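Undergrad: Take a look at the letters that make up each chain.
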Amino acid sequence: MDLWNAIVIGFKEIWSHKFRSILTMLGIILGVSSLVAMSALVKGMENGMKEALVAIGGLEKVRVEQQDIPLYQRHLEDQAIGSTIHDVYALQRSAPLIKLVTPEMRVMPGGGWGGGGTLITHGIKSVRDRVQLVGTWPSAIEMNQHVIEHGRMFNEVDDDNAWNVCVIGTGIRDQLFGSPEEVGHEIIPLGDYINVNNQPFRIIGMFQRYESEQDRKLRELERDMPKVTQTGPERRRGWGGSGRGGPNSWVYSWKNATIYIPLNTMWIKFRSGGYGSNSIPDPRLSSLYVKVADIDLLEPALQQAKNVMMHTHKGIEDFAFQTQENWSESITTSIRNARMSGGFISAISLLVGGIGIMNIMLASITERIREIGIRKAIGATFADVFVQILIESLVIAVLGGFAGIAASYGLVHLLTVMSPTENTPVITVDSLVLAFIFSGFVGILAGLFPAFKAARLDPIQALRYE
Amino acid sequence: MSLVELRNVSKIYHLGGEEIRALDDVSLDIEGGEFISIIGPSGSGKSTLMHILGCLDSPTRGTIQLDGTMIHNASTKELAGIRNRKIGFVFQFFNLLPKLTVLQNVELPMVYSGISSGDRKTRAMEALKMVDLENRSKHRPMQLSGGQQQRVAIARALVNSPKIVFADEPTGNLDSHTGEAILELFRRLSQEGRTIALVTHDPEIAAVTPRRIEIRDGKIAKQVDAKLAGLDRKIPETAPAN
Chain Z
401 MDLWNAIVIG
411 FKEIWSHKFR
421 SILTMLGIIL
431 GVSSLVAMSA
441 LVKGMENGMK
451 EALVAIGGLE
461 KVRVEQQDIP
471 LYQRHLEDQA
481 IGSTIHDVYA
491 LQRSAPLIKL
501 VTPEMRVMPG
511 GGWGGGGTLI
521 THGIKSVRDR
531 VQLVGTWPSA
541 IEMNQHVIEH
551 GRMFNEVDDD
561 NAWNVCVIGT
571 GIRDQLFGSP
581 EEVGHEIIPL
591 GDYINVNNQP
601 FRIIGMFQRY
611 ESEQDRKLRE
621 LERDMPKVTQ
631 TGPERRRGWG
641 GSGRGGPNSW
651 VYSWKNATIY
661 IPLNTMWIKF
671 RSGGYGSNSI
681 PDPRLSSLYV
691 KVADIDLLEP
701 ALQQAKNVMM
711 HTHKGIEDFA
721 FQTQENWSES
731 ITTSIRNARM
741 SGGFISAISL
751 LVGGIGIMNI
761 MLASITERIR
771 EIGIRKAIGA
781 TFADVFVQIL
791 IESLVIAVLG
801 GFAGIAASYG
811 LVHLLTVMSP
821 TENTPVITVD
831 SLVLAFIFSG
841 FVGILAGLFP
851 AFKAARLDPI
861 QALRYE
Chain P
15 MSLVELRNVS
25 KIYHLGGEEI
35 RALDDVSLDI
45 EGGEFISIIG
55 PSGSGKSTLM
65 HILGCLDSPT
75 RGTIQLDGTM
85 IHNASTKELA
95 GIRNRKIGFV
105 FQFFNLLPKL
115 TVLQNVELPM
125 VYSGISSGDR
135 KTRAMEALKM
145 VDLENRSKHR
155 PMQLSGGQQQ
165 RVAIARALVN
175 SPKIVFADEP
185 TGNLDSHTGE
195 AILELFRRLS
205 QEGRTIALVT
215 HDPEIAAVTP
225 RRIEIRDGKI
235 AKQVDAKLAG
245 LDRKIPETAP
255 AN
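Top to bottom, those sequences are chains Z and P.
With the first letter of the first sequence counted as 1, position 424 gets the number 824 in our numbering; the numbers rise by one all the way through.
With the first letter of the second sequence counted as 1, position 178 gets the number 192 in our numbering; the numbers rise by one all the way through.
Just so you know, these hints were derived from the structure itself, not from any lab.
The model shown is predicted, which means the values in this text are computed figures rather than measured ones.
One should not assume that every hint holds.
[Unchecked claim] Derived, one-sided and incomplete: chain Z residues facing chain P with beta-carbon distance under 10 Å: (1) Ile481; (2) Ser494; (3) Glu620; (4) Arg623; (5) Asp624; (6) Asn759; (7) Ala763; (8) Lys776; (9) Ala780; (10) Phe782; (11) Asp858.
Virtual Cβ for every residue (Gly too), placed ideally from N, Cα, C.
Take these sequences, add in the hints, and give me the full structure.
TA: What follows is the structure in structure tokens.
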């Protein structure tokens, strides 16, 4: 008997017991849809976890920072000049595994994370802390995954002339000009001047607002809902602790508090003061960032960068690399755990569906003992009957698999409606294929025993069966 | 060489330590083109004999040759192939598959012999024509009368051009008028050169066939060959019942 015939018979059997078949399929439908929905949820979770990592530049971005000279090289301390723009040029020339090199210079050497001592004012408003005032190259946009929403980034001309221009993040705008939530409309301060440590800078560009998907959804939800009026005296509620954004929200507020100015502007305008008026400004970079071309070649790329820099640093190892590998690995681990537990539960429900199929197939062959007897009497072999029953079981499972895939879209939609501020579940093709293959596998597994039982029937006994 | 040769065939069952000889040392020849009946009361062993002749069962002892093949020790798969190509069955309760149409029922044996669906249709229609039911091909078995159903079953038995057709009480579930028509059909088929074996408990039905083999207690009790004895019975002409 050919396969096509067996499939047609399978469909006919299902069609002649519609209600029973649908009930049987329900187990597979639930199993498949829960598997797909579970994997979509985990995928959404993964996207949420990764977006902060991507926002600070991704795994490919590696920071080269200063480091104390190792003990055995202490006698060479006066020869250690730190990282300079020459390192950047050398890396660009000699390290092909490095895609992009961007220098960064901050106000005071070793000024720390906050760029200490920075004061930015506009009118009577000022920002002192949590400002990322950085002198850099235009390529910082690509390096740090910035997006200019208004105006432009400064270019080589601005840098060569060391002009007082800046590009700001929305966090700076919010504090100096007012946030859209407070003002009621969005202020775009292009062309306005702000004072950076008492020097006027013209704003030529502004980044987009960086926020996590959950924050954006929450904000959009709040915009549509009436504002909850605060009770008690009017007060600010502070930066942190607003209960949003999750553990990585610092990435976004940090990124929104950026002010970029040209590297030369930083060097000439802010670096010359501290060391006497006659000396040339301190040429040392606060740090430099490299982006590797291929994440799979992270280690060779870093080795290459190290070799180049050991050369420019005359063999003195006063620098170190800082990657995000730990962060990335912790994401991978937690996603794997979530996927494991979700997959386990879905697999059990699919298995239960399979037991349902087996049960129905056993009932079905008992009903059809006479039919099987007739088929065997007129020449059906063991294999013919075996394949026929197996195909019927497979057809139920595959139909259930299709229906389950359709149902999973509904289920995911339902989950999205139920928790609108969570990360959007993402249905992946992989999970669809996996769920489908798994349902087929369960169908075959569930059909094996009934098929064996049916195929082994003695035709004489089967024909006598009433 | 005869079409079927049974030599010293025994079938022994064990029921709770007791040995039951359903067939006891039976030897029998059937020639090609013969029209025979196997008669005997229930429990005589005639069904067992038919099952063994029909390759549904294997003997405990003895040898069987069918159309040049030794079948007494064939595997179940080989037996299925022989049933499919060389043997046709007609049962008392018709045993048609109720979910299939008449045409599909007749096609069924060819499904298992791997004949293409186009050929299956033409041959099935030819077989239905032989039993005058070509205009019922789209019906379900339940929409037909008992006599018509039995004729569909006969068409199914004939469709693979078997060497021998076994009919197990083919009239047992029909009224006598329809039963006569079915017997007449068998006679016609026999005259066309087919080998047919009727299995029945009714001597009146057995009387239709020239050669009669009477089974009693698992042994051949009596063989009558009307052709040799010159006692050929004339069946009254009857119109096929619908």
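Undergrad: Could you run down the list of hints and mark each one as holding or not?
TA: Status of the hints after comparison with the structure:
no. : hint   : in the structure
1   : Ile481 : violated, 86 Å
2   : Ser494 : violated, 71 Å
3   : Glu620 : violated, 57 Å
4   : Arg623 : violated, 61 Å
5   : Asp624 : violated, 58 Å
6   : Asn759 : violated, 22 Å
7   : Ala763 : violated, 17 Å
8   : Lys776 : holds, 7 Å
9   : Ala780 : holds, 5 Å
10  : Phe782 : holds, 7 Å
11  : Asp858 : holds, 8 Å
Checked against the numbered hints listed earlier, the structure breaks hints 1, 2, 3, 4, 5, 6 and 7; every other hint is satisfied.
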